[in-house]
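Residues in the sequence shown are numbered consecutively from 88, following our numbering.
None of these hints come from the bench; they were simulated from the model. Mixed in with the good hints there might be a few duds.
[Said to hold, decoys possible] Straight-line Cα separation of at most 30 Å, DSS-like style, residue types lysine-lysine; simulated pairs:
(1) Lys-347 - Lys-391
(2) Lys-361 - Lys-347
(3) Lys-154 - Lys-111
(4) Lys-194 - Lys-154
(5) Lys-246 - Lys-347
(6) Lys-200 - Lys-246
(7) Lys-194 - Lys-111
(8) Lys-391 - Lys-361
(9) Lys-154 - Lys-115
(10) Lys-246 - Lys-194
(11) Lys-101 - Lys-115
(12) Lys-115 - Lys-194
(13) Lys-101 - Lys-111
(14) Lys-200 - Lys-115
(15) Lys-111 - Lys-200
(16) Lys-332 - Lys-347
(17) Lys-361 - Lys-332
(18) Lys-246 - Lys-101
(19) Lys-154 - Lys-200
(20) Lys-101 - Lys-194
(21) Lys-332 - Lys-246
Computed from a predicted structure; not experimentally measured.
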Amino acid sequence: MNRRAFLSHASEDKDRFVREFAEKLYAKGVEAWVDEWEIYPGDSLVDKIFEEGLKSADAIIIVLSTKSVEKPWVKEELNASVVKRIEKGTRIIPVVLDNVEVPESLKNTVWVKIADLADYDAQVDRVVSAIYDLRPKPSLAKPPAYTTTSASTLHDLSKQDVVVLRLFGEAARRDGSTLGIDTEHVWEDAERLGLSREDFLDSLEILSNRGYLERSRLLGSDPPDFSVTTHGLDAYLHEFIPDFKSVFRQIAFAIVNNDKRLNSDIVDETGHEKLIVDHVLEVMQANSYVELDTGIGGYMEVTKVLAGLRRLLQTPGV
Numbered sequence: 088m089n090r091r092a093f094l095s096h097a098s099e100d101k102d103r104f105v106r107e108f109a110e111k112l113y114a115k116g117v118e119a120w121v122d123e124w125e126i127y128p129g130d131s132l133v134d135k136i137f138e139e140g141l142k143s144a145d146a147i148i149i150v151l152s153t154k155s156v157e158k159p160w161v162k163e164e165l166n167a168s169v170v171k172r173i174e175k176g177t178r179i180i181p182v183v184l185d186n187v188e189v190p191e192s193l194k195n196t197v198w199v200k201i202a203d204l205a206d207y208d209a210q211v212d213r214v215v216s217a218i219y220d221l222r223p224k225p226s227l228a229k230p231p232a233y234t235t236t237s238a239s240t241l242h243d244l245s246k247q248d249v250v251v252l253r254l255f256g257e258a259a260r261r262d263g264s265t266l267g268i269d270t271e272h273v274w275e276d277a278e279r280l281g282l283s284r285e286d287f288l289d290s291l292e293i294l295s296n297r298g299y300l301e302r303s304r305l306l307g308s309d310p311p312d313f314s315v316t317t318h319g320l321d322a323y324l325h326e327f328i329p330d331f332k333s334v335f336r337q338i339a340f341a342i343v344n345n346d347k348r349l350n351s352d353i354v355d356e357t358g359h360e361k362l363i364v365d366h367v368l369e370v371m372q373a374n375s376y377v378e379l380d381t382g383i384g385g386y387m388e389v390t391k392v393l394a395g396l397r398r399l400l401q402t403p404g405v
């Protein structure tokens, strides 16, 4: 059903604005009540305006201009008591021309300002949307992918920090090295997940300050490349490798039970990536489970198995 709008205006504004404005409203499905279209000789002004015009209107459009704000008739229509009585059930829409000041009785309403009388289709659309109570909003998309990750055990990091750490961990696994990871390549992955550049750079700073990443000493790139620290890789593996404890135990059993000492032999025995095997060996050394000898080309050898590793394997659930 078409809605109706009563146009309160000064006669001086009819030719330059009101008539065309009303026609535009009609074209958009709003029945605009204009006195010259509704009142004929012999009609009662009071009945026509207050009983047919105002009373039946879904909205009252008050055209404010340098001419209308001085008119006694428009002033009467703008009387605060009238406005208060009308606005209980009818939407009031001031349309401002000539950059005039909005009267006090209308300052608590949202008005539509028209600066160019030759181009105001956008303002007409706003008026029509208000009359039909349409609330144009952009369609709501799915949340960015990084916000839908499951709860993290890394309580000192935000969700976006954990995502950036994951991307660096994945990059390290692709490269087979934790050193000198190309930050811009990681940024491309982060952008696809919906992170902003600012949030990404903030996460780099936080991860670096908290020991998960280490800034490259090479100059020239901005942001610089980063390496994943032992702490950072350990956090990544525990967070994102399913049942990483069992991976640790498989490597430990390969050393203790099957007497595998070279990292390359442990890779062949367990089927785990060299990066992961090397990391586990370094963690074992840091915890006094083994002693290591390292060399060029990624060579790593367990030279001594300490009692702590054998004791660890005897502890159920560890």
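How the hints compare with the structure:
no.	hint	in the structure
1	Lys-347 - Lys-391	holds, 11 Å
2	Lys-361 - Lys-347	holds, 14 Å
3	Lys-154 - Lys-111	holds, 22 Å
4	Lys-194 - Lys-154	holds, 19 Å
5	Lys-246 - Lys-347	violated, 39 Å
6	Lys-200 - Lys-246	violated, 44 Å
7	Lys-194 - Lys-111	holds, 26 Å
8	Lys-391 - Lys-361	holds, 20 Å
9	Lys-154 - Lys-115	holds, 27 Å
10	Lys-246 - Lys-194	violated, 44 Å
11	Lys-101 - Lys-115	holds, 19 Å
12	Lys-115 - Lys-194	holds, 27 Å
13	Lys-101 - Lys-111	holds, 14 Å
14	Lys-200 - Lys-115	holds, 19 Å
15	Lys-111 - Lys-200	holds, 16 Å
16	Lys-332 - Lys-347	holds, 19 Å
17	Lys-361 - Lys-332	holds, 17 Å
18	Lys-246 - Lys-101	violated, 60 Å
19	Lys-154 - Lys-200	holds, 16 Å
20	Lys-101 - Lys-194	holds, 24 Å
21	Lys-332 - Lys-246	holds, 23 Å
Hint check: violations occur at hints 5, 6, 10, 18; the rest are consistent with the structure.
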